[in-house]
Structure formats: C-alpha cells, structure tokens
Amino acid sequence: MTCTATPTTGLLEPIPRLPPDEVIFGSSSAMCKIRQKLEKAAGANIAVLLRGQSGTGKEVLAKLIHSQSPLRNGPFVKVSCPAIPGTLIESELFGYEKGAFTGAYGAKPGRIELAHRGTLFLDEIGDLDPSIQVKLLHLLQDGEFNRIGAAGDRRIDVRFICATNRLLEREMESGNFRQDLFYRINVLTIHIPPLRDRRGRYSRPGGLLLAHA
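Everything in the sequence shown is counted per this note's numbering, starting at 12 for the first residue and increasing by one.
Simulated from the structure, these hints should not be mistaken for lab results. All C-beta atoms in this analysis are idealised placements derived from N, C-alpha and C, irrespective of residue type, glycine included. There may be inaccurate statements among the hints.
[Unchecked claim] Now the in silico label distances, taken between C-beta atoms and shown as ranges:
no.: 1; residue 1: 78; residue 2: 43; range: 15 to 25 Å
no.: 2; residue 1: 161; residue 2: 98; range: 48 to 58 Å
no.: 3; residue 1: 194; residue 2: 116; range: 37 to 47 Å
no.: 4; residue 1: 51; residue 2: 140; range: 29 to 39 Å
no.: 5; residue 1: 55; residue 2: 29; range: 15 to 25 Å
[Stated by the list, open to error] As a list, the in silico DSS-like pairs of lysine-lysine whose alpha-carbon atoms are at most 25 Å apart:
no.: 6; residue 1: 109; residue 2: 146
no.: 7; residue 1: 119; residue 2: 146
no.: 8; residue 1: 119; residue 2: 109
Can you build the whole structure from these sequences, using the hints too?
Now the structure itself:
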C-alpha cells in the first residue's frame with residue numbers, strides 16, 4: 012500500500028522564515044565548510060546525520076536542508092526521541108489501526124506517514140529504544156513500514172535527517188545502538204562545531220546563535 016493521505020495538522024513542524032545565511036553561518040572558516048556540505052546534502056535525497064553538542068543549531072540546519080531540497084514543498088516533521096516515552100514512541104512514529112491495543116478507538120497515522128514526500132527529522136536519535144531501531148532500519152532499507160495492528164505494509168517516500176549529541180560509535184560498542192542502522196543514517200555526516208570554535212572577523216561567535224538543538 013502506498014501512502015496517499017494528506018498530512019494532518021498538529022504534528023507537523025512549521026517552517027518559519029529562516030535567518031539570513033550570514034546569521035546562520037557567520038564568518039568562521041568552520042561554518043563556511045558546513046555551508047558547503049549542507050548545499051551538497053540539500054540537492055541529494057540521502058540520509059544526513061547532524062552531529063554536535065546541544066545548542067549548536069542542528070534543528071536549524073535540518074530545516075535549512077529541507078527548505079533547499081527538492082522536497083521543500085512537502086512536510087517537515089520533527090520527532091524528539093527523548094521527549095516521547097518508550098511506551099508511546101512506536102505508535103507515535105508508525106501509527107496504529109483501530110483496535111490495535113486498548114484505547115485505540117480509531118486508526119491514527121504516525122509521524123513517519125505524515126512526513127510522506129517530505130522530511131522526517133529524528134532529533135537525538137541516540138536515545139531511540141533498540142526495539143524501535145529495528146523497525147526504523149526496515150523502513151530505511153525497503154521504504155516500507157506497517158502501522159501497529161495492520162495486516163500489510165505501507166510504502167512511503169521520506170527524506171531522513173537525524174541529529175545526535177552522543178558518540179554513536181560508543182553507543183554501538185555498548186549495544187545501545189545498532190551498527191546497521193548507523194550506516195543507514197550516516198550516508199552524509201555534518202559535524203557542527205561548538206560556538207567557541209566559530210569566531211570569525213566579528214566579535215561574537217559566528218553563526219547559529221539561537222538556542223536550538
């Protein structure tokens with residue numbers, strides 16, 4: 012089954028007018044390199060992994076990639092992995108059918124489905140439960156998923172952008188993050204430097220001074 016439903020309002024992340032490039036990137040050489048990589052990422056429909064400390068602007072860059080990509084007219088859907096309890100994350104991501112569990116009085120599309128023909132931004136993917144990582148891997152490999160309680164798979168076209176402040180290599184060594192999933196989301200990595208490493212010719216640190224993930 013191919014997803015054709017129009018996304019429901021409420022879960023979609025609005026894309027406000029982004030700041031000018033000189034505000035986002037500043038004048039430091041480190042951020043100039045980020046800008047070049049971002050332009051390449053925007054033009055190619057590949058998975059992007061944004062890595063950096065909290066507060067370095069990962070969400071801003073994710074929105075910028077989406078706004079400059081061929082999918083810019085589609086939805087931008089954000090999922091904050093640490094903010095959704097482990098018992099709810101599966102239904103929030105994949106949706107469910109009526110009667111799938113107690114309290115499922117009607118069918119509900121998940122955020123993956125709402126991102127059809129757009130971008131799904133998985134913020135702090137390192138916090139995602141290993142059991143959900145398996146289902147996400149299946150989606151990345153085959154472009155298919157199934158709602159909880161559904162009899163068949165649904166096909167979907169989604170651009171993945173993931174972000175993390177964790178060292179995923181260490182999480183893989185400890186068994187908290189799947190190696191095969193890492194390789195799927197790590198097609199193109201952008202390392203975002205901390206603000207202290209972005210000083211250019213201006214007195215303030217260059218670029219992304221907003222308090223974003």
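Going down the list of hints, with the structure as the test:
For the pair residue 78 and residue 43, the beta carbons lie near 19 Å from each other, so the given range of 15 to 25 Å is met. Range check, residue 161 to residue 98: about 19 Å between beta-carbon atoms, so the 48 to 58 Å window is missed. Look at residue 194 against residue 116: about 39 Å separates their beta carbons, and that is inside 37 to 47 Å. Range check, residue 51 to residue 140: about 32 Å between beta-carbon atoms, so the 29 to 39 Å window is met.
For residue 55 paired with residue 29, a C-beta distance near 20 Å keeps the hint of 15 to 25 Å intact. Between residue 109 and residue 146 the CA atoms are separated by roughly 20 Å; this keeps the pair inside 25 Å, and the hint holds. Among the hinted pairs, residue 119 with residue 146 is consistent with the structure: their alpha-carbon atoms are about 18 Å apart, no more than 25 Å. Restraint check for residue 119 and residue 109: the C-alpha separation of about 8 Å stays at or below 25 Å, so the hint holds.
In summary, the structure is inconsistent with hint 2 from the numbered list given earlier, while agreeing with all the others.
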